[in-house]
Amino acid sequence: MADFKKIEENLKKEAKRLLEAGEVTVVLAYSKGFDEKHPMPYAAKSVADIKNIVFNEYCNHNMARYLVRYPQGTKIAVAVKAADSRAVIQLIQEEKVKRENLVLLGIPVYGMKNSKTGEVIDSKTTSGLCNPVLYDILLGAEVHGQKIVSPYEVLAEYEAMDKDARWEFWKNQLDKCIRCYACRKACPMCYCDPCFIDQSKPRWADKAPQSPGNMMYHLTRFHHLAGRCIDCGECSRACPVDIPLYLFHKKVAKECEEMFGQAAGMKLEDKPVLVDFRVEDSDKILE
Amino acid sequence: MAFEPKILGIACNWCTYTGADLAGTTRLLYPQNLRVVRVMCSSRINPSFIFRAFQLGADGVFVGGCHPGDCHYNTGNLYARRRLAVTKKILEFAGLEPGRFRVEWISASEGNKFAEVVQEFTAQIKNLGPQTKLKIQK
Amino acid sequence: MSRIGVFVCHCGLNIAKTVRVSELAQFASTLPDVVVAKDYKFMCSTPGQEMIANDIKEHRLDRVIITACSPLMHEQTFRKVLAASGLNQYLLTIVNIREQVSWVTHDIEEGTSKAKALLNGAVYRARLLAPLTSRVIDVNPDVMVVGGGIAGIQAALELANTGKKVYLVEKNSTIGGHMAQFDKTFPTLDCSACILTPKMDSVLQNKNITLMTYCEVTEVKGFVGNFDITVQQKARYVDHNKCNACMTCMEKCPGKGISEWDESLVKRKAIYIPFPQAVPQKPIIDKEVCTYFLKGKCRLCEKVCEQKAIDFEQQDSFVQVKVGAVIVATGYDLMDTRPLVQYGYGKYPGVYNALEVERLFNSAGPTGGKVTLRDGKEPQTIAILHCIGSRDKNHYEHCSRVCCMYSLKFAHLFKEKTSADVYQFYIDIRAAGKGYEEFYNRVIEEDVKFIRGKAARVAQNTDEPGRLIVEAEDTITGKFVKLPVDMVVLSPAIVPRSDSKDLARLFNLSTDKQGFFMERHPKLAPLSTMSEGIFIAGVCQSPKDIPDTVAQANGAAAEALTIIVKDKMELEATTAMVNPASCSGCQNCVRVCPYGAPSFNYDKWVSEINEALCKGCGLCAAVCPSSAIIARHFTNEQVLAEMEGLMEF
Amino acid sequence: MLKKTAINKISELAAVLMEKGTLIAPVKEVSGHNFAQILDPQKVDLDFYNTIMSPKSAFFPHKEDFINYKVGKPISEAEPVVLNLKPMFLFGVRPCDVKSFQIMDIHFNAAGIIDPYWRQRREATTIFGYAFDLSKSVDSADFYNTLGIYAADPDGSDIFMVKKDNELLLKGITLQGKKLLSELTTIENGKAADKKYFEEYIKKGRDYKTRFMCLDQETITKKLEDIFHNTDFWTRVSSACLSCGVCTFVCPTCYCFDICDDTQFGRGTRRRVWDACMFTDFTLEASGHNPRTQVYQRLRQKINHKYSYHVRKYGVISCVGCGRCTRYCPVSIDIYSIIEEAIKT
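Residue numbers (this note's numbering), protein chains in the order written: chain A, 1 to 287; chain B, 1001 to 1138; chain C, 2001 to 2649; chain D, 3001 to 3345.
Just so you know, the hints here were simulated from the structure itself, not pulled from any lab data.
Warning: the hint list may mix true and false statements.
[Said to hold, decoys possible] In silico EDC-like cross-links for lysine to aspartate or glutamate, where the CA-CA straight-line distance does not exceed 20 Å:
#, chain 1, residue 1, chain 2, residue 2
1, A, Lys-176, D, Asp-3207
2, B, Lys-1133, A, Glu-258
3, A, Lys-116, D, Asp-3047
4, A, Lys-171, D, Glu-3029
5, A, Lys-75, C, Asp-2512
6, B, Lys-1113, C, Asp-2603
7, B, Lys-1138, A, Asp-162
8, A, Lys-176, D, Glu-3064
9, A, Lys-171, B, Glu-1120
[To be verified] Per the computed footprint, the stretches of chain D lying under chain A, defined by three or more beta-carbons under 8 Å from a beta-carbon of chain A, are:
#, region
10, 3085 to 3095
11, 3172 to 3184
12, 3242 to 3249
13, 3276 to 3282
[What the hints assert, rightly or not] For each label pair, taking beta carbons as the anchor points, the in silico distance ranges come out as:
#, chain 1, residue 1, chain 2, residue 2, range
14, C, Tyr-2602, A, Val-120, 28 to 38 Å
15, D, Val-3071, C, Thr-2133, 23 to 33 Å
16, D, Glu-3285, C, Lys-2566, 45 to 55 Å
Please read these numbers as outputs of a predicted model, since none were measured by experiment.
All residues carry an ideal CB built from backbone N, CA and C; glycine is no exception.
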């Protein structure tokens, strides 16, 4: 279990230093919410705001999601856990943010908990990484010694399902969708405004929360995130009706990694796989 | 009555559509279940087109493009290859029968290949029976 | 609400035989927004076109659907009808019920119902079509001809003679191509050099032709009317502006290379011109065999050159050429027959390929025109084997077309120059051409022996070491033949140039199954390609003889002229545009476009598309996650609507 | 009149109600409880704190078809969708949610603005209110006390239900409720002890405290008016907001909708579908202009609409403090805290 108090102290300390020195104008971190289990994403903009910063095991939110909200050129410090740092890398690859405008406050952590279920968040619902892939300042000791489990291991059960059973599973899950779009809004990679589903020309799907529209929305969204999803699991935690979207995203990520040899948000110099190609890509991927 | 599937095809103008024309010019016979939409390049195909086709009740969806390296627009089909591969994986994981979606590279000179692919694919779809999973039930 | 007119063509019985055309028209009239639906024998005929024009006026049509042959066939024809009737030409939809319906079924029920589905899709799509305006651009009046064989030479001369500027790009250090290697040409037996060299010289003399030998095209940008082509001038190490072609350097050069010109039968110098009549008459240095380049000293050529033309420091250079049209005439290779081990080429000295034999006959060739084997002896028995690698499903299915005739020519020349017995092993003799059958008959009378049967094997003659045996089944007698011979001549398949795939990629050409460049239409547009403004001529399109090649070259020149004689031209209007309100600034379009048409406006944080560069492939529209890119004429709505229509019935 | 039934025999009551009409009651789903039309009486499950989605969808479904039509045909040939309602029983509604129907009536069932769909359903329905379980702790997101609602508040219910150990006590509140209860002959009558328990439970409900802000609505309304232009405040409180539709869709008093057409193969349906003011395209005008492009503008609109505009126009706050918006907000934005902070500003 990580020393959350220590991380919180370091977070405050670095935030203070950066804001005082004028190195950044915003520090994206967490603050207290309406109760202990519900901390909130927080944007500290002055030294006076720093006292509100907290960090505990429920600070799950992927703060990279807020980066695109600030005008280009804003100097931002952002608290990043492992998956969050991958989101930052992916956003840099996609030229939504520039590396030089960011100070990454890396948080190595194991033992984050889902505030709804109280369960420890691990490779079953996220990438399961503990240490940030990219950071400028590390706010705690790197986490080592955790059992390394493939983030795709959880898929085995679903891959083994009969296709009809899998269809039933997904249909039931996606039929629950109320089209609140919390998934896309919580997703650091879903920055389109408008989203394709909001378009009236063409109307890709019916607006009503029923099977066909839900299917079109989610299948297309899975596609749009192919090779871009960094497996932070925010979509599924944001979902008020608990659709395990992370499973589908994991599957697509796995396939992309196998087909194109690249996982999302791991290297700054990578190019998103679906706007890239190799002449030697095999036709086998279409079989 | 025997099941006559509806198959939607999307073919690139320069290779597969022209190849389909050649199949006609050379009077090759193939089943009439395929209805082709012509686009300029297989790279024009938005993955949602495929999802939509199944929602509209297509029992199978076929995409035809130029052979990799022969794209009229140089690299279009190389992007399409990746994109459609992902589309296929998504459909499969959703639980659709893998055989319902097929991508083939058919050049303008491969009228015979076009006819063969249509014959084979139609037979395959007949075998799979009607597609009811994604089809919008009214 | 649109007002759609549907016109169903019978195409004589081509369509009407397997599609109930009147039922189709009746069906069309029941579809929403269709105000008139008719069927007619030949929609593309003058009365057919007039009928459409009249109905556009009479019924105030704002959309026209022609249900007929492929859009690749007559889309342009009918677009003109719309334009002449005051309707934007992009409001036309063609439903392909011939190539993709009536010709591919015998079942009228199936045909009719598929035709209905396709037509319904067209009605759905037509409602959403928008009028588009074509862009007008300036046309560059110059032409590039790629390949300096007889096709390229002919095309360049034709164009230059009309006063147009031509860039003739040739990979080798001389123009002339394969034809310059030949001795005599069939069936008239006139001397190849005698008819070709004057033309080569004319190229050199013509002020309108910029001759670019030892050059290769490395990049093609732009589009019809405005190509921007990068040509690589390979280093010759001889300054051709200074060289006065005295050839002293060649006399003194100690380096030895293998003469490509003489099909590797003899050696040449390291500084060389390929053959005495080469154009230009200026040498180049073969770096691979030059003593100086290999060992760091020699430079004899430099010492003897009074013009100071030798330049060992010369580098490859790149030249930008801007032209309005391009003719590709890059010729062919002979199939490498070494992998066909059963024929022993490369293994037995007595086995020759056709081009080697051409050089043996040639008085400027390695033997001075005498037919002798590699050991210097004159052959007593000669077998000519047809169809080596061609007409062979294991290798090349196509017929190489000229082999029968040149094999007959060889037989004649062997008879003329030696006292040998000459045998032809053939599948059948194809002598279709003016004077060809007559030539065949003449050769028969010259006591050439014809054995109808493809040679199966060439083997060592165990009885007479050094001689060979040709084995074949004589399909007339049904007997197995084993013929002892001294010399075997293979007629290998004519195949595309080894680098034709690269060239196809550069110029955006399609290739057929064998790798020959694809014409836009096999009958009606045999010289144009799917790439607007790029034409093909000669054997790079498919094997053919010299008269056909020359005819194609003239034709291609005329086709190129039709583009460059105009100052301005209209481009397709089916380009992409960005709806800035929907653009989320992901820049996917910028990343994928092969033409660099989209760019990102950092001030407005949206992508913008330069329509002059856009070719309308629609890739950007498909990778745009927020559907902000509109691929004109193939918009998301239009495609989705067409799909809906196709799936309704 | 008071009746009672064993909780484990609730399916028998459900079966009776299903015979009489349509029963809508909480059922357990993977992610929690929700109201659903009951097809299998065994599915009714009263072991819940509160449902994820509010019960408003019983009267105002997420999707409501109006007319079916054919493309290209005149509107006179279109077919309106007729409801053909059977009596409806909305079973197990928490007091705060019951209260929400009264607020929604202002918009759908008041003079001059009658929504036929809402009204028909409302009139056909008997509401079975259900007191919170006072033996369990209150959810930290709830704040219905602030809105004058109590955990065992029968107001607005036709029949009110209280849990007594393993039994469910049902009391008729309105005439409609009493009449129905009297018809439910298969369940036994309550005894005096039950009556006493019931009355005391209602009273005890007043001491069961949610978060509570001791402020009158006028103070809140006035304050919100004062700080409308305080962009710093609104930007701060909205800095975490994702601009999704969760709060709206789970809210019992949000009533915005969009009218859309769904056509395929030449046949169309015109329907209304819930919309959310937090969506970017909610205020997108046909001209392309959007008056609320920023997150803070949208959150300000939402809070002002509930706590300011609604008060000025209809005299009542459009919120019942059920806590759903807070509970299900992916980033735990708490409307209560925002009001609290506004007052302090």
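task: Against the earlier hints, flag every one the structure doesn't satisfy and list their numbers going up.
output: 1, 2, 5, 6, 7, 9, 10, 11 and 14
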